[in-house]
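In order, the protein sequence lines correspond to chains A and B.
Per numbering that gives the first Met the number 0, residue 0 is the first one in the first sequence, and the count goes up by one each step.
Per numbering that gives the first Met the number 0, residue 0 is the first one in the second sequence, and the count goes up by one each step.
None of these hints come from the bench; they were simulated from the model.
Incorrect hints may have been included.
[Unchecked claim] Under the rule of at most 20 Å between Cα atoms (straight-line distance), these lysine to aspartate or glutamate pairs were calculated in the EDC-like manner:
1. B:Lys112 / B:Asp80
2. A:Lys111 / B:Glu27
3. B:Lys76 / B:Glu124
4. A:Lys154 / B:Asp190
5. B:Lys112 / B:Glu124
6. A:Lys27 / B:Asp84
7. B:Lys24 / B:Glu59
8. B:Lys21 / A:Asp69
9. B:Lys24 / A:Asp69
10. A:Lys39 / B:Glu59
11. A:Lys111 / A:Asp69
12. B:Lys119 / B:Asp80
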Amino acid sequence: MISLIQIISTWTIPVLIAFIPLYASLRKVPVYETFIDGAKDGFQTAIGIIPHLVGMMTAISMFRASGAMDAMIGLIRPLLERIGVPGEVLPLALLRPITGAGSMAFVTDLIKVHGPDSFIARIAASIQGSTDTTLYVLTVYFGAIGIRNSRYALKVGLFSDFIGFFASVAACWLLFGLV
Amino acid sequence: MVNWIWLGMIVVSVMFGAANGKMEKVAEAAFGGAQTGVTVCLGLISILVFWMGLMRIAEEAGLVRKLSRLLAPIVRKLFPDVPKDHPAMGYILSNMSANLLGLGNAATPMGIKAMQELQKLNPNETVATPAMCTLLALNTASITLVPTTMIAIRMNFGSVHPADIVAPTLLATLVSTGAAILADRWYRSRDRKPPKTAPPIETPRLAQTPPASLKGG
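Chain A on its own, in the form it takes in the complex:
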C-alpha cells in the first residue's frame, strides 16, 4: 500500500508530461507553439509573486530572528506534540486560510531552516499544496457578484482547512514517519 503510493508520487509527473502533448498532437494541436504561449503566462505569474513573497519573508525572518517565533511555538508545542504534530508547523494553520503569499513564505522559511526533505518541510508543503486560501477565494468569488451575506460559506471553508491541516500531518506520518 505504502510503496504503491510512493510509486504514484514518482510516476504522476513524468506520465503527465508525456501523455498531455501526445494526446494533444493526436488532436492536431500544434504542441510546441501552444506550449510557448502558455509558458509566457508562467513567467508573469512567477514575477508577480515577488513583492508578496519579499514582504512576507521579511516579516517572518524578523519574527524568527528576534526569538518571538520560538516563544510562540514554545507555548503550544507540548500540547501538539502529544498528538504527533511538530510545533513548528502550527503558525501555518493560522496563516494558510488568510494569506496565500504569507503561508507560502512561511513554508519556504521552514524548508530553508529544516531542509527540504525534513519531516517538518514535507508536512508544511502538504498543508500548503492541499488547499486554497479560503479568505481570498471568498472575497474574489462573492465580491465579483456583490454577495454581502455569505451565510455559512466561511465556516465550511475554515472547517475544511482545519481538517486538511490534520490530514496533511496524518498523511505524512503514514508515508514518511514510520520509515
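The hints should help you fit chain B onto chain A, whose structure is shown.
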C-alpha cells in the same frame, strides 16, 4: 486581516529583539528575508513556465472539457437546485476541471462566470444561495493533482525527491474536500426551507477579472 498580521509580526519582532538584545540580528534578518523572497521567486520561474506551458497544451487539446464530462454525474449530485442544462452547470464543471489540473488562472474566471449564472437563480441578490456556498466550498478546498509550486521550492533547496509530496498532498486534499462537502451538506439540510421560486432577474454585470490566484499548489 493580512495587514494586521504583517504589521503585528514586524512590531512584535522589534519588541522581542529589543528585549532579548538581538536588534542586530533582527535588522540582518529583514534584509536576508527580502533576499530569500526574490531568490525563491526566481527559482519558481523554471517550473511555473514549464508547467503552465504544458497545461496550455492540455487546455487546447480539450482535456478540460473531457474531464468536465467525467465529473458531470458527481457534480450534479452536489448541486441539486441547479437545473441540469442551466449554463451555470457548464461553468461549474469547467471550474472544477481546471482546479483539478492545477490551472488556477483558468479556474478563477470560470468560477466567477459560474457565480454570475447562479446569481440569476438567486431570489435575494446580496445573500448567497446554497449552490453558491457549495461552489465556494469546493474552491476553497480545491483538489489539485500536482502541487507544482511546492515541488519547485523543494527543488530549489536541493531536495532529493522533490515530487514525493504528491501523495500526501493528494491524500490531504481528498480528505479536506470530503470534509468541505460534508459540512456543506450538513448546513444545507439544517436550513432547508420550502424552496422559494422567484423569476430570475436579469441584471447586466461587468465581468471582473481578479489577479491570478496565489494557490500554494
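Comparing the hints with the structure gives:
{"no.": "1", "hint": "B:Lys112 / B:Asp80", "in the structure": "holds, 17 Å"}
{"no.": "2", "hint": "A:Lys111 / B:Glu27", "in the structure": "holds, 16 Å"}
{"no.": "3", "hint": "B:Lys76 / B:Glu124", "in the structure": "violated, 24 Å"}
{"no.": "4", "hint": "A:Lys154 / B:Asp190", "in the structure": "holds, 15 Å"}
{"no.": "5", "hint": "B:Lys112 / B:Glu124", "in the structure": "holds, 16 Å"}
{"no.": "6", "hint": "A:Lys27 / B:Asp84", "in the structure": "violated, 30 Å"}
{"no.": "7", "hint": "B:Lys24 / B:Glu59", "in the structure": "violated, 51 Å"}
{"no.": "8", "hint": "B:Lys21 / A:Asp69", "in the structure": "holds, 14 Å"}
{"no.": "9", "hint": "B:Lys24 / A:Asp69", "in the structure": "holds, 15 Å"}
{"no.": "10", "hint": "A:Lys39 / B:Glu59", "in the structure": "holds, 15 Å"}
{"no.": "11", "hint": "A:Lys111 / A:Asp69", "in the structure": "holds, 16 Å"}
{"no.": "12", "hint": "B:Lys119 / B:Asp80", "in the structure": "holds, 13 Å"}
Violated hints, listed in ascending order, are 3, 6, 7; each of the other numbered hints is respected by the structure.
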